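Peer 1: Sequence:
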Amino acid sequence: MEAQPDAEMRERLELRGKASLTNFLIAAAQGRMVDGVERELQQAAGVNQIPIELFDVDVPKREVRADVATPAPGTGTGVNLSPIFPSIFARAVLPRLGVAMPRTPSGTFATGTVTTDLTAAAVEAGTAQESTAAAITTKTTTPHRVTARLSIRLEDVATIGTGNFESILRQNLSMAMSDRLDFLGLTGDGRNANPQGLLSQLTDPTDPTAVVKFDGFVALAAYGIDGGPWAETMQAVRVLVNASTMRLAETTFQSTNTYKGELSAAAYLRQHAGGFFSSSRMPATASNIAQCLRYRAGTMGLDGVNAMQTATCPVWNELGIDDIYSDAASGTRHFTLHTLIGDVLIIQSDAYERVDLKVS
37 MEAQPDAEMR
47 ERLELRGKAS
57 LTNFLIAAAQ
67 GRMVDGVERE
77 LQQAAGVNQI
87 PIELFDVDVP
97 KREVRADVAT
107 PAPGTGTGVN
117 LSPIFPSIFA
127 RAVLPRLGVA
137 MPRTPSGTFA
147 TGTVTTDLTA
157 AAVEAGTAQE
167 STAAAITTKT
177 TTPHRVTARL
187 SIRLEDVATI
197 GTGNFESILR
207 QNLSMAMSDR
217 LDFLGLTGDG
227 RNANPQGLLS
237 QLTDPTDPTA
247 VVKFDGFVAL
257 AAYGIDGGPW
267 AETMQAVRVL
277 VNASTMRLAE
287 TTFQSTNTYK
297 GELSAAAYLR
307 QHAGGFFSSS
317 RMPATASNIA
327 QCLRYRAGTM
337 GLDGVNAMQT
347 ATCPVWNELG
357 IDDIYSDAAS
367 GTRHFTLHTL
377 IGDVLIIQSD
387 AYERVDLKVS
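Note that the sequence shown covers residues 37 to 396 in my numbering.
Heads up, a few of these hints could be off.
Unchecked claim - Beta-carbon label-pair distances, calculated as ranges:
#	residue 1	residue 2	range
1	255	82	26 to 34 Å
2	265	62	18 to 26 Å
3	287	323	20 to 28 Å
4	246	158	41 to 49 Å
Stated by the list, open to error - Capping the alpha-carbon separation at 16 Å, the derived lysine to aspartate or glutamate pairs in EDC-like fashion look like this:
#	residue 1	residue 2
5	54	89
6	249	286
7	394	240
8	394	251
9	249	298
10	249	71
11	394	243
12	54	76
13	54	71
Since the hints were made in silico from the structure, they are not lab data.
These numbers were taken from a predicted model, which means no experiment stands behind them.
Think of the CB as a built atom: it goes at the ideal place given N, C-alpha and C, for glycine as much as any other residue.
Take the sequences, apply the hints, and build the full model.
Peer 2: Spelled out as structure tokens, the structure:
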């Protein structure tokens with residue numbers, strides 16, 4: 037049975053449900069602290085800016101352009117506006133690759149792993165077992181800033197209504213920020229301001245010389261089997277590819293002349309592997325070579341039983357608002373919002389592997 041929240045958590049959830057992202061932005065534009073439920077939520081979360089948890093109730097590309105306010109819909113708007121669907125972004129990738137994203141209140145984040153195998157054996161009664169000295173490897177990361185820019189016209193808020201505006205603002209900001217966080221967590225190279233992502237930490241394999249066929253796609257998952265503890269069967273192996281590689285897998289069949297009734301390579305992997313999916317965040321194919329990421333997920337267990345953390349990417353607890361200015365003549369307000377993430381810290385390196393395919 038699912039555990040019910042205690043009184044403190046119920047109060048926290050109630051605050052989260054009542055707090056408004058719009059009120060945080062209005063207070064920032066007016067140069068004052070928030071009050072009411074927003075301040076209570078800040079205090080409960082122990083932060084002074086926008087609590088990240090404000091976005092927990094919502095569905096979790098960065099685009100560089102001039103500051104252009106998002107216009108209200110041209111016609112048919114009013115107080116009784118139906119819900120506006122948010123922009124569609126690619127779904128989150130990191131959680132499906134076993135990357136935990138814990139929240140960190142402040143300071144440097146660290147995680148430790150026991151890296152020396154213990155000695156185990158059957159021993160006779162009264163016989164001491166040889167002890168193994170524990171070796172613990174600690175990995176740390178400092179925060180990296182991720183920034184989004186938001187421009188709002190006052191007329192637009194009035195036109196569509198405050199309630200609709202809050203919904204649109206919260207959903208789009210949540211997805212835009214989480215999309216970029218996910219992108220950096222996957223492909224960040226650790227240079228300049230970028231955090232260290234998953235792919236840049238994996239061994240670069242030798243480029244294949246033969247174009248991938250049906251069997252080669254099956255091998256993406258099958259060759260991830262290690263007999264335990266990470267992958268005892270193909271069902272424990274997940275594979276992430278870019279969009280063009282997925283399209284190729286969807287049109288690759290065992291037969292060269294006819295494929296009616298056959299499963300494509302992609303359909304076969306979805307049926308027999310633990311997961312086969314694509315992401316726009318994966319590097320594009322270059323010189324006919326496509327990068328793929330293989331994850332052995334066998335230790336995740338069922339409903340958390342026997343689960344083992346394989347990687348982590350901390351997120352600091354608040355979303356900051358900076359550099360607020362207005363175009364008084366046009367009634368537009370511009371906000372710059374920041375959040376902080378850490379490097380992806382790979383805790384169990386045997387769980388991850390980069391595999392390259394020659395696609396043409």
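Peer 1: If a hint holds in the structure, say so; if it doesn't, say that too.
Peer 2: Comparing the hints with the structure gives:
1. 255 x 82: 26 to 34 Å: Distance hint for residue 255, residue 82 is violated at roughly 49 Å.
2. 265 x 62: 18 to 26 Å: violated, 52 Å
3. 287 x 323: 20 to 28 Å: Cβ of residue 287 to Cβ of residue 323: about 21 Å, so the range 20 to 28 Å holds.
4. 246 x 158: 41 to 49 Å: Taking Cβ atoms as reference, residue 246 and residue 158 lie about 47 Å apart, which means the hint holds.
5. 54 x 89: This hinted pair holds, its Cα atoms lying about 13 Å apart.
6. 249 x 286: holds, 11 Å
7. 394 x 240: The hint holds at about 14 Å.
8. 394 x 251: holds, 13 Å
9. 249 x 298: holds, 15 Å
10. 249 x 71: Violated: residue 249 and residue 71 sit about 61 Å apart, past 16 Å.
11. 394 x 243: With Cα atoms ~8 Å apart, residue 394 and residue 243 stay inside 16 Å; holds.
12. 54 x 76: At roughly 11 Å apart (the allowed maximum being 16 Å), residue 76 and residue 54 satisfy the hint.
13. 54 x 71: Given that 16 Å is the threshold and the Cα spacing comes to 13 Å, the pair holds.
Comparing the model with each earlier hint shows violations of hints 1, 2 and 10; every other hint is respected.
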